[in-house]
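Q: Spelled out from the first residue to the last, the chains are:
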Amino acid sequence: MLAVARLRFDRNDTCVFGPLDFAVHAGEALLVTGGNGVGKTTLLRVLAGLLRAGEGELSWRGEPCTRLPTEGIAFVGHLAGHKADLGALDNLRFATGLHGCRHGASPTSALASVGLAGFEDVPAGRLSAGQRKRLSLARLLLSPARLWLLDEPYANLDRDGIVLVDRLLARHLNENGAALITTHGAYAAPPVRARTLILEAQRVDAESAA
Amino acid sequence: MNRIVLWFHQLGSPPTFHRYATRWMPWYFGASLLLLAVGVWAALFRVPADYQQGDSYRILFIHVPCAWMSLFVYVTMAVQAAIALVWRIKLCEILAMACAPIGAAFTVITLATGSIWGRPMWGTWWDWDPRLTSELVLLFLYIGVIALDASIEDRRRGARVAGFLAMIGLVNLPIIHYSVQWWNSLHQGSTISLMGKSKMDASMILPLAFTVAAMQLWFVGSLLSRARTMLLEREAGKAWARDIAVHDSTRGNA
Amino acid sequence: MSAPTLPRAAAAMLARDLRLAWSRRGDTLQPLLFAVLVVALFPLALGSERARLAMLAPGAIWVAALLASLQGLDALFRSDAEDGSLEQQLLAPVPLSLLLACRMFAHWLTGSLPLILIAPLLAQLLFLPDHLLVPLLLSLLVGTPLLVLLGSTVAALTVGLRRSGMLLPLLALPLYVPVLVFGAGSVMAAAQGQDWLGAVLLLAAGLTLALVLAPLAAAAAIRIALP
Chain A
1 MLAVARLRFD
11 RNDTCVFGPL
21 DFAVHAGEAL
31 LVTGGNGVGK
41 TTLLRVLAGL
51 LRAGEGELSW
61 RGEPCTRLPT
71 EGIAFVGHLA
81 GHKADLGALD
91 NLRFATGLHG
101 CRHGASPTSA
111 LASVGLAGFE
121 DVPAGRLSAG
131 QRKRLSLARL
141 LLSPARLWLL
151 DEPYANLDRD
161 GIVLVDRLLA
171 RHLNENGAAL
181 ITTHGAYAAP
191 PVRARTLILE
201 AQRVDAESAA
Chain B
1 MNRIVLWFHQ
11 LGSPPTFHRY
21 ATRWMPWYFG
31 ASLLLLAVGV
41 WAALFRVPAD
51 YQQGDSYRIL
61 FIHVPCAWMS
71 LFVYVTMAVQ
81 AAIALVWRIK
91 LCEILAMACA
101 PIGAAFTVIT
111 LATGSIWGRP
121 MWGTWWDWDP
131 RLTSELVLLF
141 LYIGVIALDA
151 SIEDRRRGAR
161 VAGFLAMIGL
171 VNLPIIHYSV
181 QWWNSLHQGS
191 TISLMGKSKM
201 DASMILPLAF
211 TVAAMQLWFV
221 GSLLSRARTM
231 LLEREAGKAW
241 ARDIAVHDST
251 RGNA
Chain C
1 MSAPTLPRAA
11 AAMLARDLRL
21 AWSRRGDTLQ
31 PLLFAVLVVA
41 LFPLALGSER
51 ARLAMLAPGA
61 IWVAALLASL
71 QGLDALFRSD
81 AEDGSLEQQL
91 LAPVPLSLLL
101 ACRMFAHWLT
111 GSLPLILIAP
121 LLAQLLFLPD
131 HLLVPLLLSL
141 LVGTPLLVLL
151 GSTVAALTVG
161 LRRSGMLLPL
171 LALPLYVPVL
181 VFGAGSVMAA
191 AQGQDWLGAV
201 LLLAAGLTLA
211 LVLAPLAAAA
221 AIRIALP
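Protein chains in written order, with the numbering used here: chain A, 1 to 210; chain B, 1 to 254; chain C, 1 to 227.
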């Protein structure tokens, strides 16, 4: 589904990560691991299109492209992406208005799937951090995207939450979706077909080779 | 043609630009001062007094070139910013941001000399003359660009964001100018415009040409100087910058 | 799968912003109260003589509208940038410029339209002659959207900054000058018995241009300014 060649990102002329070559196929998950500050979040943001890569080539479903198509990817980052003043259901309705809705899914059923049934009218600002994460997962469930880009999806969740993420992931991969997940390895790998990409800290000055 | 394009390309590389700037900077400043001296001397001693305004109009020989430069530098800044945004050339980002304080300085001199020129006529140090009012708004545009660049920590992103603001300002400049003209005609009827009814005597053109040329050369020298310093600041960790620092310090010791 | 269509996304954005403005009604009304306060300051500072206030009325009301427009600008994109909503909007399969245009429209609806509605009241406070009310309302109707469009574009540039303070007004004011000149000027022209419709039409022309260009510029600005 996704193939990446010689991807590299620089900030202030220092190389944050790269050059990287990898691919993610339908039905599998790619776990990106590494210590803190090694560039995992940056990699995800580059793939999402929020940052521009220094160099490299992306291809989506075999076709080369400069950016991954927005309707094909769903991104869950560090920031929750909900409006604190709106209720949980309103937040999800807004998300489906922007991104579209997966066949057969509805905001109410998504809330129920993540264990937030009964919280429809609670303003997102009054939810706990873990509940807000579940709300983000509900938004993920509603997205019609085939590729999930998840940045530390297990963060802030209790044991039930971690099981929930694994369950959602397994279902998504079963339906021929794919996922790219960053995790710093403290959590057990999800019970799905997964490969691991390990990023290591770069201490090379980008210009010193010149 | 290819030689010129190649030269520009090479100039974009930081060490080459630094060498070029260091070498030519004094020449630009020197030539500028020379032309300025000639122009000012001619303006003070060679050109006849104006039949309407007497001797006080002579300050126009500084005021007019500075006014033209304040606009020219803004356009240059916006063009550099556009190049920097489209092609992501680091040197153009630096050049664009270096233009801003220089242009602001020209604008301040324009306002000051315009105020001095107008004092005998108006009796006050300021009159809401349409030209001066436009220059005042231009000064605020410059200050805005400088302030926005200064408030962003990432130097490259700051230059790009402030450069985009400069481009927006450029689109608005003609509109601002026209609106101020309209505003003036609405509220004050006829005023003595800054250039007055006196035609340009032929003898006035030559000194003006000298001072205009002097201002242009001063701008280039100033730009090279600022850009060179900014380049060194931002590339401080690089090998070529370290070489220059070491080389200079050994030369100083020898 | 139901794909997001442009009208649907636009409606969702508008509905969200209106709902947000309603849930924070107090904050939304603050610029309006600020404008009333500014207008009230003029008689307090200059004395309540009718003729003098009547002469200043169009300019004072316009300045109040302009300052009020600057009030809500800072917060326009900041909250979305801080909680991650802006990221999600960048990743939506609809053009960012469309979403931003909807936000600007919602901002005008909640901030400037109420001001236009109470403008007759403000006119009374400053003894504005009756025959100038129509020019005033018309100039505000055409001018305030222009202020919102221009100001939002500049606000988009500052979206990465932590606390911009007075920076945003400083950046926006030079761009506001033509709008103020033509807006207040049209009413002043009407006061002098001259043609005032021309200035309003000029504003309208500017508005048409800005309706197309400002959302595009703001979308570009956000991409440049986001870290």
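The hints are simulated quantities; they were obtained by calculation from the structure and are not laboratory data.
Don't take each hint at face value.
[Unchecked claim] One-sided excerpt, in silico: chain A residues whose CB lies under 7 Å from chain C:
| no. | residue |
| --- | --- |
| 1 | GLU63 |
| 2 | PHE75 |
| 3 | LEU98 |
Heads up, the beta-carbon is just placed ideally off N, CA and C, and yes, glycines get one too.
Q: May I ask you to test the interface hint for LEU98 (chain A) with respect to chain C, counting a Cβ-Cβ separation under 7 Å as satisfied?
A: With a minimum Cβ separation of about 4 Å from chain C (threshold 7 Å), the hint on LEU98 (chain A) holds.
Q: Identify whether the interface hint at PHE75 (chain A) stands, where standing means a beta carbon of chain C within less than 7 Å of its own.
A: holds (5 Å)
Q: Once the shortest beta carbon distance from GLU63 (chain A) to chain C is found, is it less than 7 Å?
A: violated (17 Å)
When each numbered hint is compared with the structure, a violation occurs for hint 1 only.
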